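K.L.:
Residue numbers (mature numbering (1 follows the signal peptide of the UniProt record, and there is no 0)): -19 to -1, 1 to 152.
Think of the hints as simulated: they come from the structure by calculation, not from any bench. Every value quoted in this text rests on a predicted model; they were computed, and no experiment measured them. From the three backbone atoms N, C-alpha and C, an ideal C-beta is built for every residue, glycine too. All clues given are correct.
In the DSSO-like style, the derived pairs of lysine-lysine whose C-alpha atoms are separated by at most 30 Å in a straight line are:
{"no.": "1", "residue 1": "K62", "residue 2": "K80"}
{"no.": "2", "residue 1": "K62", "residue 2": "K74"}
{"no.": "3", "residue 1": "K13", "residue 2": "K93"}
{"no.": "4", "residue 1": "K82", "residue 2": "K63"}
Simulated restraints on C-beta separations:
{"no.": "5", "residue 1": "K81", "residue 2": "A125", "range": "28 to 34 Å"}
{"no.": "6", "residue 1": "G148", "residue 2": "K82", "range": "36 to 42 Å"}
{"no.": "7", "residue 1": "K2", "residue 2": "E23", "range": "35 to 41 Å"}
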Amino acid sequence: MKKMILMLMMAVAAITAHAQKYALVDMEYILKNVPAYERANEQLNQVSKKWQAEVEALNLEASTMYKNYQNEVVFLSQEQKKAKQDAIMQKEKEASDLKKKYFGPEGELYKKREALMTPIQEEIYNAVKEIADLRGYSLVLDRASNAGIIFGSPKIDISNEVLQKLGYSNN
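The task is simple: from the sequences and hints, build the whole structure.
P.N.:
Pasting the structure below:
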């Protein structure tokens, strides 16, 4: 049923779009050839490793506190047990909060990625749009995405032209 609907949609799109011009870009290829993207990725990897080490250090500290607690538990009073348990739980919460702060959906890594990648993506988008406007393309698809492109003629791939417009060679 899904295949039938998909085929019908593609047929309708083909009929209504016969006069439109299309182009393809390979965003993976373009990004691999943009040095700023590689530098941004390296920066993100470095900061991610640093933050991960901070989180792991807190987790290790909590783990050590727990092991020490288990070794001493028979010698502790109820108050001391409660105090140690609270300290361990506080350390685990601290590690969890730090992980969320750095790596959560709206965390520092996400914000840093946005700050570094958005200008690069906008520059590429503007180059693609400029080429599309100049050549009269109605639609530009990303060959690298999962758009269901089975075949695309190299004649309509404008990836190298986008790289040239951005001022990079197309190795």
